[in-house]
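Order-wise, the sequence lines are chains A and B.
Residues 1 to 369 in this note's numbering are what the first sequence spells out, letter by letter.
Residues 1 to 327 in this note's numbering are what the second sequence spells out, letter by letter.
Some clues are possibly wrong.
Quick list of the computed label-pair ranges, beta carbon to beta carbon [to be verified]:
| id | chain 1 | residue 1 | chain 2 | residue 2 | range |
| --- | --- | --- | --- | --- | --- |
| 1 | A | R98 | B | T154 | 26 to 36 Å |
| 2 | A | R98 | B | L263 | 54 to 64 Å |
| 3 | B | F148 | A | V39 | 16 to 26 Å |
| 4 | A | G135 | B | G77 | 56 to 66 Å |
| 5 | B | D226 | A | V275 | 46 to 56 Å |
| 6 | B | V152 | A | E89 | 24 to 34 Å |
| 7 | A | S171 | B | L170 | 49 to 59 Å |
| 8 | B | V301 | A | F25 | 55 to 65 Å |
| 9 | B | F41 | A | L147 | 55 to 65 Å |
| 10 | B | N307 | A | R96 | 39 to 49 Å |
Here are some chain A residues the structure puts well away from chain B; computed CB gaps all over 10 Å [unchecked claim]:
| id | residue |
| --- | --- |
| 11 | S81 |
| 12 | S254 |
| 13 | A342 |
Hints are computed from structural coordinates only; laboratory data are not their basis.
Note that beta-carbon positions come from the ideal geometry of N, C-alpha and C, so glycine has one too.
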Amino acid sequence: MIASTAGAVSDNDVLVRVEHVVKHFPVQSTSLRKGAHEVVHAVDDVSLEIRRGETVGLVGETGCGKSTLARCITRLYNLTSGTITFEGEDISALSRRRMRPFRRDIQMIFQDPYGSLNPRRRVGSIIADPLSIHGMGEGKGRKDRKLLVQETMELVGLNPEHYNRFPAEFSGGQRQRIGVARALILRPKLIVCDEPVSALDVSIQAQIVNLLADLQKEFGLTYVFIAHDLSIVRHVSDRVAVMYLGKIIEEAPSRLLYNHSRHPYARALLSAVPVPDPRSAQVRQRIILVGDVPSPIDPPAGCRFHPRCPKAAQRCIDEEPQLVARFDDPITHETACHFPVADGEDLAAARPSIAATERVTTDPGALST
Amino acid sequence: MTQGIGDAISARDSGQVLEVLTPGEGGSRIIKGRSPFALAFDRLRRDRGAMISLFVILAIIAVAIAAPLLGVITGHGPNHQYRGLNALSADGQPHAPSGTFWFGTDDQGRDILVRTAYGARISLMVGFGATAITISVGLLVGLVTGYFGGLVDTVLARIIDMVLSIPYLLFAVALVAILGHINIWIVMVVIAAFGWASVGRIIRGQVISVREREFVEAARSLGASDWRIIFVDILPNVIAPAIVFSTLLLPVSVVSEAALSYLGVGIPPPTADWGQMISDAQALYQVAWWYLFFPGMALLVTTLAFNIFGDGVRDAFDPRSDRIFAK
Numbered sequence: 001m002i003a004s005t006a007g008a009v010s011d012n013d014v015l016v017r018v019e020h021v022v023k024h025f026p027v028q029s030t031s032l033r034k035g036a037h038e039v040v041h042a043v044d045d046v047s048l049e050i051r052r053g054e055t056v057g058l059v060g061e062t063g064c065g066k067s068t069l070a071r072c073i074t075r076l077y078n079l080t081s082g083t084i085t086f087e088g089e090d091i092s093a094l095s096r097r098r099m100r101p102f103r104r105d106i107q108m109i110f111q112d113p114y115g116s117l118n119p120r121r122r123v124g125s126i127i128a129d130p131l132s133i134h135g136m137g138e139g140k141g142r143k144d145r146k147l148l149v150q151e152t153m154e155l156v157g158l159n160p161e162h163y164n165r166f167p168a169e170f171s172g173g174q175r176q177r178i179g180v181a182r183a184l185i186l187r188p189k190l191i192v193c194d195e196p197v198s199a200l201d202v203s204i205q206a207q208i209v210n211l212l213a214d215l216q217k218e219f220g221l222t223y224v225f226i227a228h229d230l231s232i233v234r235h236v237s238d239r240v241a242v243m244y245l246g247k248i249i250e251e252a253p254s255r256l257l258y259n260h261s262r263h264p265y266a267r268a269l270l271s272a273v274p275v276p277d278p279r280s281a282q283v284r285q286r287i288i289l290v291g292d293v294p295s296p297i298d299p300p301a302g303c304r305f306h307p308r309c310p311k312a313a314q315r316c317i318d319e320e321p322q323l324v325a326r327f328d329d330p331i332t333h334e335t336a337c338h339f340p341v342a343d344g345e346d347l348a349a350a351r352p353s354i355a356a357t358e359r360v361t362t363d364p365g366a367l368s369t
Numbered sequence: 001m002t003q004g005i006g007d008a009i010s011a012r013d014s015g016q017v018l019e020v021l022t023p024g025e026g027g028s029r030i031i032k033g034r035s036p037f038a039l040a041f042d043r044l045r046r047d048r049g050a051m052i053s054l055f056v057i058l059a060i061i062a063v064a065i066a067a068p069l070l071g072v073i074t075g076h077g078p079n080h081q082y083r084g085l086n087a088l089s090a091d092g093q094p095h096a097p098s099g100t101f102w103f104g105t106d107d108q109g110r111d112i113l114v115r116t117a118y119g120a121r122i123s124l125m126v127g128f129g130a131t132a133i134t135i136s137v138g139l140l141v142g143l144v145t146g147y148f149g150g151l152v153d154t155v156l157a158r159i160i161d162m163v164l165s166i167p168y169l170l171f172a173v174a175l176v177a178i179l180g181h182i183n184i185w186i187v188m189v190v191i192a193a194f195g196w197a198s199v200g201r202i203i204r205g206q207v208i209s210v211r212e213r214e215f216v217e218a219a220r221s222l223g224a225s226d227w228r229i230i231f232v233d234i235l236p237n238v239i240a241p242a243i244v245f246s247t248l249l250l251p252v253s254v255v256s257e258a259a260l261s262y263l264g265v266g267i268p269p270p271t272a273d274w275g276q277m278i279s280d281a282q283a284l285y286q287v288a289w290w291y292l293f294f295p296g297m298a299l300l301v302t303t304l305a306f307n308i309f310g311d312g313v314r315d316a317f318d319p320r321s322d323r324i325f326a327k
C-alpha cells in the first residue's frame, strides 16, 4: 500500500471530502399518531477525508451505516444533508446528468459476486459497459473495445478468451474479478469497495485483496475499503474509521488503531479478532459487549454506545462526544469518547456508572411503549 | 442466483451446460459455454410433443403460403362459385367431397379445400400479427411502469386494471361496429387492444423484482441512463416470460379472430375465413357435414398445435415445473 505522506496535507491531495453527511431513510409509521415521522438514521453527521493514493478502511457491525456511506459517496443515494466534494467540486446535489462525468472517476465494487453481474449478459459486454455508457472507445470501433476489455481481463487475472461467457460459468472469486475489471476499465481515480471479499472463501479473499493491492500500485488508485473483517482491513488500509450506528467513533492510521485503540467499542471489536496462536489467544482479554445494537430508528441520546459501554457514565448520556484526538494522540488519531481507554487499561474490569437497564432515547414519548 | 443454479442443475440433467468440442486429431478440447437461450432451445428440441406440434405448425404455414398453388392444382379459385356437376346439386345443395372437390363445396359452390387453405392465411396472419402487437405493447408498458414506479406506475397500473375488466367480446364487437370498415389490420389491433394488459401486468411484476437486484444498482453506479438500464439490463431478464406468453397467446389470437368472424364482425366475406365458414356451415351441417368439418378441424388442429408447442416452450424455459409424464 502506498503510505500517506508525512507532513502537511495540501488540499490538492484530498480526493474526496465528506463533510457532515447525513442520510436518513423515512420509515412508514405504523402508529396512527399524527406527525409520527420515523426515520432510520443510517448515517448521522459523518465527516471524512480521503487522500489521493491511500486506502481508507471503514469498519463496523452490520447496520452501522458503512454501506450507506459508501453509496452516498458514489451518489447512488441522495444526501439528506451535508456535502461531498470530489477533487474540489461539490457533487452532493448534482443531477444524474451532471453527475455522469464524475462517474468515470468514481467506481464501485459490490459485495455479492453473484448478484452484481447481470446473469443474462456476456461477461465481455458487462465489462465493456462503462465504455459504452461513457461513449469511449467509440471512434476506434468494436474491435478496439474488445481489445481493451480483454486487456483489462488479463490485468485482473481472467482468461481473455472467456470474454463471451456468461457469469454463471465462473466461480465466485472469478466473478468478483469481473466486478473489479468492470470498475477498473475506465481507469478511475477512486474505487469504493463495498465488502468485496465478504462473500468469498478465505483463500480467494487473499487473492482478491492482493489483486486490489497490485492494481493500486500500478494505477495509483484510491480505495475506500468497507468490511467487517478486521484482519483484512488491517492488511489493506492506511487509515481506518470505525463506525457505530451511523457515526464514526474512532479514526486512526491503521497501525495506531490496532495497537492503541481508544474507544471502548473499537477496543472490544479488536479483542474479538481471532488470533492464530492459541497461547496468545488464551492470554489476551476478551471484552464481550452485552446487548444488541440499538435500532437506528431510535438511537440512544448522547454517546450512542452508552447502553453497551463498560465505561458509561452520566456524562455519556448528557453530552455527545466529539471526534477529536484524546490523551496525547497525534492529530491523525481521533476518538469520540468521554472516557477513552488508555494504553494498558483493562477494559474488562471497567464497570458502568449508570444502570445497564437504563436506556435513554432522544424521544421521550417512546419510553412509554 | 437460484435461477442460475436451477438452470445449471436442470441443464446438467438434460445435457451439457458447456459443449465440449473435440476438433480433429492433435487439437485441444475447446469448452464452449452456452447461453440460457441455447439451453432452453436444447430442452425444447428434446420435447417430442413440442417438436411434433412445431412440425404441424410449419405444415400449416406451408399450406397457407401454398394456397394459390393448391388453387392451381385443383383448378379452383377460393371465391369462385362453381355450378358444375360436382359443385352443386340440381336444387343448389352443396356437394360432398369428390374427385373434383376434395373437401366438397359450400352452399355457393365454392371449393372448401381451397377456401380452408386461404383461411389459414387469415388465421395465421392475424394470429402472429395480433400476438406481436400485444407482446410489444405489453412489454413496453410493463417495463416502463415496473421500472419507474411512482406516478407513472399508479396511472398505468390502473389503466391495466381497467382494460382487464372490460368484457372482451362485447367491446370487440362494439369497437368494430363503431369503426365500420374492417380489414385485417383492424382485426389485429382490436385483438391486441384487449390482450396487452395481461402481458403488461406480468412483465410489470417481473420488472419490479429485477430492478431491486444488485446489477441494476451497479449499472446505475456506472452512470447508465434509465432507458439503457431498462433495455440492456432489465429486458433480457424479463424476456423469457414474454416469449412463453407469446407462444400461449398465438392460439388465443387465432381463436379470437375466428370468434370475431363467426359473430360477423371479422374479415368481411367473400374472403375465406374459418370463423366465417363455420358460421355459415351451422345451418347446413345436417346436410353438408364437410362444410363444418373441414374448417372446424383446421381450426382445432391449428389451435392444438400452438397450444402444445406453447407448453413445450414454457417447459423449456422453466424446467423446474412439475410434469405429469416426466421423461
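Hints the structure fails to honour: Going through the list in order, the structure violates hint 9 alone and respects the others.
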